[in-house]
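The listed protein sequences correspond, in order, to chains P and W. Numbering of the first sequence is given in the numbering used here, commencing with residue 0 and proceeding in unit increments. Numbering of the second sequence is given in the numbering used here, commencing with residue 0 and proceeding in unit increments.
There's no promise every hint is true.
Since the list can't tell identical chains apart, any single copy or any two copies may satisfy a pair.
The calculated lysine-lysine pairs, modelled on BS3-like cross-linking and capped at a C-alpha distance of 30 Å, are [claimed, not checked]:
#1 284 x 208
#2 208 x 35
#3 208 x 274
#4 208 x 167
In case anyone wonders, no lab produced these hints; they're calculated from the structure.
There are 2 protein chains.
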Amino acid sequence: MPRTIVVAAAQLGPIARHEGRAPVVARMVELLREAKARGVGFVTFPEMALTTFFPRWHIEDPAEVLSYFETAMPGPETQPLFDAARAFGIGFYLGYCEMIPGRTGAHHLGYNTAILVDPTGTIVGKYRKVHVPGNATPDASLKLQHLEPWYFDDGNLGFPTFETMGGKLGMLICNDRRWPESWRMLGLQGAELVCLGYNSPSLLPDNPKQNALRKMHHLLPMQSAAYQNGLWIVATAKAGLEGGCHMMGHSCVIAPSGEVVALSATDGDELLTYKIDLDATQEYKRFFDFATYRRPAAYGLITRPHSEGQP
Amino acid sequence: MPRTIVVAAAQLGPIARHEGRAPVVARMVELLREAKARGVGFVTFPEMALTTFFPRWHIEDPAEVLSYFETAMPGPETQPLFDAARAFGIGFYLGYCEMIPGRTGAHHLGYNTAILVDPTGTIVGKYRKVHVPGNATPDASLKLQHLEPWYFDDGNLGFPTFETMGGKLGMLICNDRRWPESWRMLGLQGAELVCLGYNSPSLLPDNPKQNALRKMHHLLPMQSAAYQNGLWIVATAKAGLEGGCHMMGHSCVIAPSGEVVALSATDGDELLTYKIDLDATQEYKRFFDFATYRRPAAYGLITRPHSEGQP
């Protein structure tokens with residue numbers, strides 16, 4: 000397969016709390032149609048792309064919580080997405096909430112998951128978010144809750160990479176981007192393109208000092224990681240005013256140089272495209288030459304367990 | 000001790016190949032004198048601050064190579080620096096070449112080292128550069144050689160931290176700044192301020208595509224590391240046209256937010272000062288809350304040895 004590919008961040012605007020899958024999937028199919036017209040071979044959709052970002056609320060009704068999880072992928076409501084991708088010959092990354100069979104109740108129902116689908120519509124990889132941010136239990140004193148650890152288990156698939164789309168691809172989800180270990184795990188396996196979807200509030204009402212730095216803190220760790228690991232990044236937002244909370248856009252493509260080479264300009268549905276050369280990663284992989292220059296024996300604390308007293 | 004301190008990057012302009020210690024130490028004492036007048040409590044000098052950056056040459060004369068190494072610290076020529084620091088009540092970081100007793104010949108004579116000296120003139124910490132960049136053997140085909148692994152052994156002290164100056168300090172040297180593991184090792188020990196000296200060419204004649212990105216690649220990994228580990232960074236250049244090679248300046252202070260809050264404007268001797276609050280690190284250390292949110296069990300490849308096939 001060719002080593003040059005047009006990639007796209009298929010940013011989504013807000014999704015209402017009780018909207019249901021059908022209109023969202025229709026919007027995603029429309030973005031795939033535009034992608035086809037613009038020569039795109041691979042599309043990255045956001046984290047939790049099929050529904051509103053419900054962990055901003057403490058929801059006590061088990062039926063509503065369950066409604067945000069997928070029990071099958073594809074399922075009847077998501078099949079049109081796979082059909083469109085196959086018809087257009089476009090691969091994609093999709094973030095969604097993955098139900099764990101047998102779980103019941105109004106919390107801890109599953110994983111915050113992403114899959115990689117190739118241009119034949121076949122699921123070729125799965126990742127479950129390792130760095131699940133926020134509060135493990137509801138805290139009504141916060142202006143904006145972030146209850147991912149209340150609803151989700153930690154990911155248990157490690158940081159896998161997949162040979163597809165003519166290269167080696169990895170997946171991360173949202174908060175994973177702030178941890179250098181996420182990227183290093185993928186870099187050490189030779190990842191050339193990492194896809195990442197996110198739902199990040201533009202403002203933090205409980206920590207307003209951070210507000211002016213939100214965009215910087217979104218981009219900075221990814222730019223550094225792209226450079227330090229010699230890989231391309233496509234990062235895609237769910238953006239805009241959703242459930243009373245404005246979510247940042249700033250979907251982007253980052254080059255192995257660390258440069259932001261494409262950046263979304265809206266907070267709605269938007270297809271951001273960029274032609275990448277997977278071989279452009281080689282310059283940086285050669286520069287850092289892990290086998291020659293890394294010193295794993297000096298990094299012991301990084302994998303020392305919390306149980307041994309390591310924070 | 001107070002948690003607020005005025006720190007300085009004491010950038011040095013070029014040092015000639017056969018200049019000797021005395022004029023360099025006199026320039027450093029002058030910078031300490033200015034530091035005293037500007038209320039500075041702690042000064043960071045560059046990597047290899049006492050001599051020219053000799054690894055840019057393949058030097059075959061053992062006597063000349065030996066002349067770049069210190070056999071005692073302080074020695075007769077560096078004692079005035081310690082005396083001045085004590086007289087002014089200023090602590091400092093100093094980079095120099097540390098001779099290994101008994102080594103002979105024209106290469107592999109010692110370590111690329113930095114020490115931490117407290118305001119009483121007492122050495123309270125030592126670090127030996129772990130990530131030694133460049134070529135292990137001379138290669139006359141290169142326009143600009145970089146022979147650190149030819150002259151230096153790998154550092155063997157790990158990434159220690161030191162309680163001094165009212166906080167917890169760490170040291171890194173030059174190329175260490177490009178590796179996220181260096182910072183993480185210090186961050187996991189609670190470092191609040193990391194000092195780093197460097198000698199980095201402004202241009203890479205053997206890889207000119209990189210030239211326009213040199214400043215970005217200098218700052219980006221440090222900004223990201225400051226944010227991801229919640230620590231202050233003072234990074235100090237040996238700058239200017241030295242031995243036919245222009246060395247970048249861009250000495251800087253980076254806040255725990257990742258913002259570059261001070262940046263040198265010259266490529267000569269320059270004292271860049273900034274008042275830091277060591278407690279400003281807490282906001283970011285709390286945000287990342289390593290004990291709650293890191294997942295060491297998922298990071299195994301990062302410490303997997305090369306001998307087990309890990310690049």
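message = Need the list of violated hint numbers for this structure, in ascending order.
response = Going through the list in order, the structure violates hint 2 alone and respects the others.
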